[in-house]
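S.K.: Sequence:
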Amino acid sequence: MSSLADAAPPDPQGAGVDGQRLLTPPAQAQLRAEIEQAGGAEVTFGGRADAEGRVASLEVLSRGHATAAPALVQRALEFDALLHNHPSGTLLPSEADLHVAHLLGESGVGFLIVDNLAQRAYAVVPVRERRGSPLTPEVVQAFLDDDGPLARALGGSYEPRAGQVRMSHEVARALAGDRVALLEAGTGTGKTFAYLVPGVLHALGTGERVVVSTATKHLQEQIAAKDAPLLARALEAEGRGKLRLAVVKGRGNYVSLRRAGEAARLQTVDFGSDAEAAEVARLTAWATTTPHGDRTELSPPPSAEAWDYVSSQADNCLGLKCPSYRECHYYAARQKASQAQVIVVNHSLLFADLAIKGELGFKNPAVLPPFSRVILDEAHHVERAAGDHFGAQLTRLGALRALGKLARQRNHRRGALGALQRRLLRLAGEAPQRLARHLEEVLLPLRLRCGEQLELAFDRIVSALAHELQGYAAIRQRLGAELGELAEPLATLHESLTLLTARLRQFVEEAKAILSERDQQALQGPLKEVESASRRLERTAQAVAMIQQSSADFVRWVEITPRRGKAPRVSLHAVPLDVGPLLREALFERAATVVLCSATLTIQGRFKFLEQRLGLSTLPAARLQREVVPSPFDYGRQALLAVPGDLPFPTRGEYEGLACGLIAQLLRRSQGRAFVLFTAYSALRRARAQLERELAGDGFALLAQGELSRGELLARFRDTPRAVLLGTDSFWEGVDVAGDTLVLVVIARLPFRVPTEPLQEARAEAIERRGGNAFLELQLPEAVLKLKQGFGRLIRRQDDRGCVVVCDRRIVAKWYGRVFFESLPGPRVEVLPAGELADAIAPWVR
Numbered sequence: 001m002s003s004l005a006d007a008a009p010p011d012p013q014g015a016g017v018d019g020q021r022l023l024t025p026p027a028q029a030q031l032r033a034e035i036e037q038a039g040g041a042e043v044t045f046g047g048r049a050d051a052e053g054r055v056a057s058l059e060v061l062s063r064g065h066a067t068a069a070p071a072l073v074q075r076a077l078e079f080d081a082l083l084h085n086h087p088s089g090t091l092l093p094s095e096a097d098l099h100v101a102h103l104l105g106e107s108g109v110g111f112l113i114v115d116n117l118a119q120r121a122y123a124v125v126p127v128r129e130r131r132g133s134p135l136t137p138e139v140v141q142a143f144l145d146d147d148g149p150l151a152r153a154l155g156g157s158y159e160p161r162a163g164q165v166r167m168s169h170e171v172a173r174a175l176a177g178d179r180v181a182l183l184e185a186g187t188g189t190g191k192t193f194a195y196l197v198p199g200v201l202h203a204l205g206t207g208e209r210v211v212v213s214t215a216t217k218h219l220q221e222q223i224a225a226k227d228a229p230l231l232a233r234a235l236e237a238e239g240r241g242k243l244r245l246a247v248v249k250g251r252g253n254y255v256s257l258r259r260a261g262e263a264a265r266l267q268t269v270d271f272g273s274d275a276e277a278a279e280v281a282r283l284t285a286w287a288t289t290t291p292h293g294d295r296t297e298l299s300p301p302p303s304a305e306a307w308d309y310v311s312s313q314a315d316n317c318l319g320l321k322c323p324s325y326r327e328c329h330y331y332a333a334r335q336k337a338s339q340a341q342v343i344v345v346n347h348s349l350l351f352a353d354l355a356i357k358g359e360l361g362f363k364n365p366a367v368l369p370p371f372s373r374v375i376l377d378e379a380h381h382v383e384r385a386a387g388d389h390f391g392a393q394l395t396r397l398g399a400l401r402a403l404g405k406l407a408r409q410r411n412h413r414r415g416a417l418g419a420l421q422r423r424l425l426r427l428a429g430e431a432p433q434r435l436a437r438h439l440e441e442v443l444l445p446l447r448l449r450c451g452e453q454l455e456l457a458f459d460r461i462v463s464a465l466a467h468e469l470q471g472y473a474a475i476r477q478r479l480g481a482e483l484g485e486l487a488e489p490l491a492t493l494h495e496s497l498t499l500l501t502a503r504l505r506q507f508v509e510e511a512k513a514i515l516s517e518r519d520q521q522a523l524q525g526p527l528k529e530v531e532s533a534s535r536r537l538e539r540t541a542q543a544v545a546m547i548q549q550s551s552a553d554f555v556r557w558v559e560i561t562p563r564r565g566k567a568p569r570v571s572l573h574a575v576p577l578d579v580g581p582l583l584r585e586a587l588f589e590r591a592a593t594v595v596l597c598s599a600t601l602t603i604q605g606r607f608k609f610l611e612q613r614l615g616l617s618t619l620p621a622a623r624l625q626r627e628v629v630p631s632p633f634d635y636g637r638q639a640l641l642a643v644p645g646d647l648p649f650p651t652r653g654e655y656e657g658l659a660c661g662l663i664a665q666l667l668r669r670s671q672g673r674a675f676v677l678f679t680a681y682s683a684l685r686r687a688r689a690q691l692e693r694e695l696a697g698d699g700f701a702l703l704a705q706g707e708l709s710r711g712e713l714l715a716r717f718r719d720t721p722r723a724v725l726l727g728t729d730s731f732w733e734g735v736d737v738a739g740d741t742l743v744l745v746v747i748a749r750l751p752f753r754v755p756t757e758p759l760q761e762a763r764a765e766a767i768e769r770r771g772g773n774a775f776l777e778l779q780l781p782e783a784v785l786k787l788k789q790g791f792g793r794l795i796r797r798q799d800d801r802g803c804v805v806v807c808d809r810r811i812v813a814k815w816y817g818r819v820f821f822e823s824l825p826g827p828r829v830e831v832l833p834a835g836e837l838a839d840a841i842a843p844w845v846r
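Counting in our numbering, the sequence shown runs from 1 upward without gaps.
Simulated from the structure, these hints should not be mistaken for laboratory data.
Using N, Cα and C, we set each Cβ at its ideal position, and we do this for glycine too.
Errors might be hidden in some of the hints.
Stated by the list, open to error - Calculated cross-link-like contacts (lysine-lysine; reagent style DSBU-like; alpha-carbon spacing at most 30 Å):
1) Lys-321 to Lys-336
2) Lys-566 to Lys-608
3) Lys-226 to Lys-242
4) Lys-814 to Lys-608
5) Lys-608 to Lys-217
6) Lys-321 to Lys-242
7) Lys-512 to Lys-608
8) Lys-512 to Lys-321
9) Lys-249 to Lys-226
10) Lys-217 to Lys-242
11) Lys-242 to Lys-336
12) Lys-336 to Lys-226
13) Lys-321 to Lys-217
As the list claims (entries may be wrong) - Computed spacing ranges between beta-carbons, pair by pair:
14) Glu-238 to Gly-319: 38 to 48 Å
15) Ala-842 to Arg-384: 36 to 46 Å
16) Asp-294 to Glu-59: 35 to 45 Å
17) Glu-768 to Glu-238: 50 to 60 Å
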């Protein structure tokens with residue numbers, strides 16, 4: 001589909017093209033009859049396209065000048081095109097036409113203008129072709145065969161994989177049969193191509209958009225930079241046409257050219273500091289030359305405060321009225337997405353889109369263009385990602401930043417209010433001066449008072465929980481039905497935010513009412529900044545209200561992280577107790593196909609846990625499709641799982657010291673080349689201190705999470721001989737280190753979550769209330785999936801070989817240990833005294 005920028009009139013008179021190029025003869029006849037029946041007045045139609053992209057059937061949506069009515073635009077999303085006639089015979093689109101075309105174009109809906117006889121037609125937004133060849137497993141297999149298009153594109157490096165073909169068949173079945181598919185694909189299956197190939201072929205064959213969602217940025221970039229271009233070459237070589245794929249990012253990743261221009265005109269005093277002013281100056285200079293306006297182009301990355309001055313924001317967008325609309329990087333990305341057959345996003349953006357679509361309708365463009373086919377990779381993260389977006393979070397830093405956008409607490413002349421006041425004072429006339437006085441006498445004092453109350457509220461929250469703080473360890477305190485000591489500060493904060501946003505809204509409305517059109521034009525940027533800040537504060541107030549409300553459906557808690565020499569980090573959370581019903585309503589019941597895949601979805605080969613957590617157990621049985629595709633690796637030959645059978649349980653005080661002593665022995669035998677995975681950062685810090693003492697002078701490079709970024713740690717690990725990486729949560733998964741660089745993975749203890757964490761505790765209580773067993777239904781399955789992820793770090797290729805040591809002997813001493821073993825892919829298992837382990841692993845870590 002072409003962009004609006006390409007949809008210029010074909011000639012100054014707007015004569016359009018021969019109607020038969022865009023309409024079938026029956027559709028032309030129907031148009032003529034309906035327009036004649038309306039006495040030649042304007043009629044609006046919804047149209048459905050044929051395989052060639054011509055409108056073939058029509059339905060009257062309205063008669064009269066109602067094309068831009070919101071209800072009509074919403075209805076048009078059900079069709080392939082919206083059509084209406086211009087009785088004058090001139091087919092040039094009006095401003096209203098362009099506005100509607102803009103809205104519909106983002107959703108992949110065409111927009112046509114015709115004359116009263118339907119002899120001439122003009123495509124403001126062209127109609128997409130509607131194809132209808134269903135995907136079959138045979139078509140997919142032919143593409144993946146050892147002499148197929150993908151093999152030819154890869155040349156001699158192509159390696160056919162039976163598991164990949166098997167998984168691709170399952171994805172094809174789900175796409176063709178409108179199913180929800182649960183697919184566990186073991187490490188080495190090649191699952192990315194296993195879902196990309198059928199997904200792309202389905203999109204090309206049917207014209208339906210397919211969304212691919214990942215949990216990590218790394219996988220998103222791999223698909224966009226490596227896998228998709230290769231697939232595109234294979235398709236083009238076969239004459240299947242050009243693949244249109246778009247990686248969609250959140251709006252805040254793009255620079256706003258208008259806002260960058262406004263920021264360039266600000267004075268130093270308008271910024272939070274001179275350093276911030278200098279950084280924004282660098283950004284505004286970059287904005288004039290950037291090809292795509294994506295913040296990832298910037299190195300080093302900008303601070304959040306500086307980027308906030310120039311980023312694209314929904315609250316601040318002028319849309320078609322923006323002087324930079326045709327050059328807008330964000331809308332260029334949106335337009336590319338609306339044309340794309342395949343869209344790649346992350347889970348966060350997908351669920352942000354689904355949350356909006358839940359309110360406005362599934363066909364609404366919201367964040368993403370409409371879609372009906374979704375493939376969720378790394379699907380074991382879906383519950384957490386959905387919970388984040390169907391709940392609320394409020395942080396001290398976020399609230400202060402929202403207020404700081406209006407005016408800084410220590411220097412209220414800096415910020416949007418101060419910038420607007422200075423612009424008002426430069427204008428002649430009573431109205432601007434009156435507004436400037438109101439801003440000085442009412443809004444600025446109110447903003448400062450709100451900031452004081454916000455700081456006081458968060459200080460009182462910290463004070464109320466001070467007795468729980470121990471050193472620098474973070475605490476999470478669940479909030480009950482009664483907020484206790486937190487009730488008053490939260491109520492005061494909400495009242496203050498609500499009053500400030502109401503006054504800001506009134507101020508903006510009054511300014512638009514009393515200022516001349518010329519003055520409004522001069523103040524458009526600063527007024528929009530104030531309006532944007534006000535809306536952001538409204539959302540902050542809504543988050544406070546959600547956290548204040550007691551609901552059996554939500555879990556609420558406060559999280560406090562002490563910091564050396566700084567105020568502690570404070571955040572408040574409200575997350576759905578059970579995301580299953582929300583997911584079912586927002587996604588599974590609305591999308592035609594949903595494929596959920598990962599290397600870790602099953603417990604003992606069954607999907608029951610995931611089905612219950614995601615609300616899939618209540619879907620019709622015929623709609624669910626399940627398949628486990630085993631790894632091609634020979635784990636019995638390639639991997640040893642060793643357990644020290646005589647270490648004390650991790651709950652015993654002597655465990656950590658003895659476990660670290662054992663780990664030091666193992667590292668000497670493996671010559672480093674190891675990951676040591678922990679379940680808590682505090683345990684990691686203690687282990688690092690002991691290992692530094694134990695291994696002093698042995699030439700090991702100890703790397704610990706928190707010292708460098710994740711990417712820098714991995715690069716250092718790969719490049720440094722005898723390296724040992726100590727990691728917590730983020731290193732249990734999504735890390736790919738193949739070959740002899742990594743031969744040993746040590747798991748300090750079984751990864752059970754802390755049972756007193758607010759969300760974990762509340763969900764466990766809910767299971768027990770309905771007569772279930774929280775350990776069997778929640779805590780054990782979560783730990784098993786986590787262990788599978790950690791185990792999966794070791795073997796990444798057919799020729800890899802190594803050892804996983806689980807230092808927690810509960811895996812062999814407790815009855816539930818067999819659940820862990822029966823969920824792993826069949827490594828060789830040895831249980832030995834700790835003193836014999838180093839020798840036992842020697843053949844595996846050479």
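S.K.: What hints, given by number in increasing order, does this structure fail?
M.R.: 2, 6, 7, 13
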